[in-house]
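There are 2 protein chains.
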Amino acid sequence: MAVYTDISEDELRAFIAPYGVGELKSYKGIAEGVENSNFLVHAGDDTFILTLYEKRVDPADLPFFLGLMEHLATHDISCPLPVKRGDGTVLGELAGRPAAMVTFLEGVWMRRPSAVHCAGVGTGMARMHLAGADFAMQRRNGLTVEDWRPLWQQCLKAHPGMDRDLAQETEALLATLEEQWPRDLPQGTIHADLFPDNVFFLGDELSGFIDFYFACTDALAYDVAVALNAWCFERDHSYNITKGKALLDAYDRVRPLTDPEIDALPVLAAGASLRFMLTRLYDWVTTPEGSLVVKKDPQEYIRKMRFHRTIGSAREYGLDLHARKSA
Amino acid sequence: MAVYTDISEDELRAFIAPYGVGELKSYKGIAEGVENSNFLVHAGDDTFILTLYEKRVDPADLPFFLGLMEHLATHDISCPLPVKRGDGTVLGELAGRPAAMVTFLEGVWMRRPSAVHCAGVGTGMARMHLAGADFAMQRRNGLTVEDWRPLWQQCLKAHPGMDRDLAQETEALLATLEEQWPRDLPQGTIHADLFPDNVFFLGDELSGFIDFYFACTDALAYDVAVALNAWCFERDHSYNITKGKALLDAYDRVRPLTDPEIDALPVLAAGASLRFMLTRLYDWVTTPEGSLVVKKDPQEYIRKMRFHRTIGSAREYGLDLHARKSA
Numbered sequence: 001m002a003v004y005t006d007i008s009e010d011e012l013r014a015f016i017a018p019y020g021v022g023e024l025k026s027y028k029g030i031a032e033g034v035e036n037s038n039f040l041v042h043a044g045d046d047t048f049i050l051t052l053y054e055k056r057v058d059p060a061d062l063p064f065f066l067g068l069m070e071h072l073a074t075h076d077i078s079c080p081l082p083v084k085r086g087d088g089t090v091l092g093e094l095a096g097r098p099a100a101m102v103t104f105l106e107g108v109w110m111r112r113p114s115a116v117h118c119a120g121v122g123t124g125m126a127r128m129h130l131a132g133a134d135f136a137m138q139r140r141n142g143l144t145v146e147d148w149r150p151l152w153q154q155c156l157k158a159h160p161g162m163d164r165d166l167a168q169e170t171e172a173l174l175a176t177l178e179e180q181w182p183r184d185l186p187q188g189t190i191h192a193d194l195f196p197d198n199v200f201f202l203g204d205e206l207s208g209f210i211d212f213y214f215a216c217t218d219a220l221a222y223d224v225a226v227a228l229n230a231w232c233f234e235r236d237h238s239y240n241i242t243k244g245k246a247l248l249d250a251y252d253r254v255r256p257l258t259d260p261e262i263d264a265l266p267v268l269a270a271g272a273s274l275r276f277m278l279t280r281l282y283d284w285v286t287t288p289e290g291s292l293v294v295k296k297d298p299q300e301y302i303r304k305m306r307f308h309r310t311i312g313s314a315r316e317y318g319l320d321l322h323a324r325k326s327a
Numbered sequence: 001m002a003v004y005t006d007i008s009e010d011e012l013r014a015f016i017a018p019y020g021v022g023e024l025k026s027y028k029g030i031a032e033g034v035e036n037s038n039f040l041v042h043a044g045d046d047t048f049i050l051t052l053y054e055k056r057v058d059p060a061d062l063p064f065f066l067g068l069m070e071h072l073a074t075h076d077i078s079c080p081l082p083v084k085r086g087d088g089t090v091l092g093e094l095a096g097r098p099a100a101m102v103t104f105l106e107g108v109w110m111r112r113p114s115a116v117h118c119a120g121v122g123t124g125m126a127r128m129h130l131a132g133a134d135f136a137m138q139r140r141n142g143l144t145v146e147d148w149r150p151l152w153q154q155c156l157k158a159h160p161g162m163d164r165d166l167a168q169e170t171e172a173l174l175a176t177l178e179e180q181w182p183r184d185l186p187q188g189t190i191h192a193d194l195f196p197d198n199v200f201f202l203g204d205e206l207s208g209f210i211d212f213y214f215a216c217t218d219a220l221a222y223d224v225a226v227a228l229n230a231w232c233f234e235r236d237h238s239y240n241i242t243k244g245k246a247l248l249d250a251y252d253r254v255r256p257l258t259d260p261e262i263d264a265l266p267v268l269a270a271g272a273s274l275r276f277m278l279t280r281l282y283d284w285v286t287t288p289e290g291s292l293v294v295k296k297d298p299q300e301y302i303r304k305m306r307f308h309r310t311i312g313s314a315r316e317y318g319l320d321l322h323a324r325k326s327a
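From first to last, the protein sequence lines stand for chains A and B.
Per the UniProt record's numbering, the first sequence starts with residue 1, numbered consecutively.
Per the UniProt record's numbering, the second sequence starts with residue 1, numbered consecutively.
Each hint should be verified, as a subset may be incorrect.
[Claimed, not checked] Result set (DSS-like, lysine-lysine): computed pairs, CA atoms no more than 30 Å apart in a straight line:
{"id": "1", "chain 1": "B", "residue 1": "Lys84", "chain 2": "B", "residue 2": "Lys157"}
{"id": "2", "chain 1": "B", "residue 1": "Lys55", "chain 2": "A", "residue 2": "Lys55"}
{"id": "3", "chain 1": "A", "residue 1": "Lys25", "chain 2": "A", "residue 2": "Lys84"}
{"id": "4", "chain 1": "B", "residue 1": "Lys25", "chain 2": "B", "residue 2": "Lys55"}
{"id": "5", "chain 1": "B", "residue 1": "Lys25", "chain 2": "B", "residue 2": "Lys157"}
{"id": "6", "chain 1": "B", "residue 1": "Lys245", "chain 2": "A", "residue 2": "Lys296"}
{"id": "7", "chain 1": "B", "residue 1": "Lys55", "chain 2": "B", "residue 2": "Lys296"}
{"id": "8", "chain 1": "B", "residue 1": "Lys84", "chain 2": "B", "residue 2": "Lys55"}
{"id": "9", "chain 1": "B", "residue 1": "Lys25", "chain 2": "A", "residue 2": "Lys245"}
{"id": "10", "chain 1": "B", "residue 1": "Lys84", "chain 2": "A", "residue 2": "Lys25"}
{"id": "11", "chain 1": "A", "residue 1": "Lys84", "chain 2": "B", "residue 2": "Lys25"}
{"id": "12", "chain 1": "B", "residue 1": "Lys25", "chain 2": "A", "residue 2": "Lys296"}
{"id": "13", "chain 1": "A", "residue 1": "Lys157", "chain 2": "A", "residue 2": "Lys84"}
{"id": "14", "chain 1": "A", "residue 1": "Lys25", "chain 2": "A", "residue 2": "Lys55"}
{"id": "15", "chain 1": "B", "residue 1": "Lys245", "chain 2": "B", "residue 2": "Lys157"}
{"id": "16", "chain 1": "B", "residue 1": "Lys296", "chain 2": "B", "residue 2": "Lys157"}
{"id": "17", "chain 1": "A", "residue 1": "Lys25", "chain 2": "B", "residue 2": "Lys296"}
{"id": "18", "chain 1": "A", "residue 1": "Lys84", "chain 2": "A", "residue 2": "Lys55"}
{"id": "19", "chain 1": "B", "residue 1": "Lys84", "chain 2": "A", "residue 2": "Lys296"}
{"id": "20", "chain 1": "A", "residue 1": "Lys25", "chain 2": "B", "residue 2": "Lys157"}
{"id": "21", "chain 1": "A", "residue 1": "Lys55", "chain 2": "A", "residue 2": "Lys157"}
{"id": "22", "chain 1": "B", "residue 1": "Lys157", "chain 2": "A", "residue 2": "Lys84"}
[To be verified] In silico contact screen, one side only, chain B against chain A (beta carbon under 8 Å); selected entries:
{"id": "23", "residue": "Thr5"}
{"id": "24", "residue": "Ser26"}
{"id": "25", "residue": "Tyr27"}
{"id": "26", "residue": "Lys28"}
{"id": "27", "residue": "Glu32"}
{"id": "28", "residue": "Glu35"}
{"id": "29", "residue": "Val90"}
{"id": "30", "residue": "Leu91"}
{"id": "31", "residue": "Arg112"}
These are calculated hints, taken from the structure and not from any lab test.
Backbone N, C-alpha and C fix where the C-beta goes; we use that ideal spot for every residue, glycine too.
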């Protein structure tokens, strides 16, 4: 739930004027996204999403995020298209914050994705990776292996009474990942946060991707590992191999995974689960009581972290290695 | 900020089917309204507001609220029109809650209303009162003079350490209002919650009224008194007589106030300020820390309560008695 900043009609009218989208007809704060303030805006005959970037987003990164959306939208990947002002720029300022308007994307996100949706996100992600290959800008992943230990240390500092077993387990996994993290996998532009609420469907068809505010330049297979964590576990935290197979096979048919990517998948998936465990834990131990922010339980990702430690090969995630070899 | 209940696409698809509005295209929780969960829904080529009625709304009252919106919308008052299902009913059930869909109304609510907007709401409210005159249903105002003392006693019980001056002041005002409350004023269907966030404008033109979930059968002039409290004070709690005059004169031109209504205005306005002070105070002392509900400060209405106690006649609110007599 996220509207951190309210805006007045006067401010908004002045803000949208240079975008040439017509008269302001209505705007409503929407209860989605946890980092920024989002409004659904009707102007002229069109619908837009207006985003005010709150303090967790570095303004220096905005040209990368908005440039990527524009690149993908113009390369046949359905995602919000930043609206340009008369002077060709997309980024403005509203209520003292950087702000941008993007086109509205129809579609609903799947609260309970099925294997069909997992296949859809696999196919769509692979297409997005191919389309992103010639995107000219670069951005370092700010939440990759080197960033996890400092984040973990901040968690410990904020919450000195951390559970001992969890602490030992995390330290051990950190050490393993720092040693084993693959450095030579195919790189590209990744979404890095492909959770179900960032992928829209119309019926069973994927209708688009949103929320590129963690996008960065990193191993493509890491994006696959994030999605595996986000889409292929049940509510009881058990891994659903039918969904895993659907996602991996669909991805692999559009952009065949390389052998080093396949070998690295268990390590990447363990890393992805640690990354989300750590950011959730950090929010958990640092968000004051009474805050309006909904805190996500780190437990879910502690369970996933443990699961990935039991995996020996990508076959156990459901990837059909036999079909690949005979193809 | 209000989305208390999330819904899945399957549930929503099943819910909207009987309304015959076409395929579900998108839905977003919106951060407006404090009593219910609201979603902006795109289906077919249209936009709707879907409301899930949470526990503070009595389901037995819903036919009155929805019937009133339909009555007004078909009598030239711009407000959301409840959408009917194939069987002619408007009320359904979603996620275990009563739920209804209404048409979407364009317009923005004024964070900083000017005298022009105050005149707009005065005119619009008078028209709404005339249009509501032949609405067949009745509903008792559940927050009128007899309800205030029990509510105050609940506040005291929940917060035994209540400020002594405030307690004395409230008790004194309660006693005065119980004695002086006018019983013979013209009755009708009133909105009873005409705050700026419930009135939309396109430019300076009023485009509609929303949120009829406090509407009831009561003195028409009480609605005027609520609006006077909600629209005609500045952020520093000072009364703006230019705005008051704009609102009252505009109302009076469409539906002339009777002499007893004019005489009663200071008492009604003090009562309205006590009513909102008490519900805010109740929420303040009973809402647990850490709740997602934004608590509104009762102080604002304590200040207004004090102001109305200084008023001797409706002229001091800005009503142009001279113009009325010479008209």
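Now for the hints, and whether the structure bears them out:
no., hint, result
1, B:Lys84 <-> B:Lys157, "violated, 44 Å"
2, B:Lys55 <-> A:Lys55, "violated, 35 Å"
3, A:Lys25 <-> A:Lys84, "holds, 19 Å"
4, B:Lys25 <-> B:Lys55, "holds, 28 Å"
5, B:Lys25 <-> B:Lys157, "violated, 48 Å"
6, B:Lys245 <-> A:Lys296, "violated, 51 Å"
7, B:Lys55 <-> B:Lys296, "holds, 19 Å"
8, B:Lys84 <-> B:Lys55, "holds, 23 Å"
9, B:Lys25 <-> A:Lys245, "holds, 28 Å"
10, B:Lys84 <-> A:Lys25, "holds, 26 Å"
11, A:Lys84 <-> B:Lys25, "holds, 26 Å"
12, B:Lys25 <-> A:Lys296, "holds, 28 Å"
13, A:Lys157 <-> A:Lys84, "violated, 44 Å"
14, A:Lys25 <-> A:Lys55, "holds, 28 Å"
15, B:Lys245 <-> B:Lys157, "violated, 40 Å"
16, B:Lys296 <-> B:Lys157, "holds, 20 Å"
17, A:Lys25 <-> B:Lys296, "holds, 28 Å"
18, A:Lys84 <-> A:Lys55, "holds, 23 Å"
19, B:Lys84 <-> A:Lys296, "violated, 38 Å"
20, A:Lys25 <-> B:Lys157, "violated, 46 Å"
21, A:Lys55 <-> A:Lys157, "holds, 22 Å"
22, B:Lys157 <-> A:Lys84, "violated, 57 Å"
23, Thr5, "violated, 11 Å"
24, Ser26, "holds, 5 Å"
25, Tyr27, "holds, 6 Å"
26, Lys28, "holds, 5 Å"
27, Glu32, "holds, 6 Å"
28, Glu35, "violated, 15 Å"
29, Val90, "violated, 22 Å"
30, Leu91, "violated, 23 Å"
31, Arg112, "holds, 6 Å"
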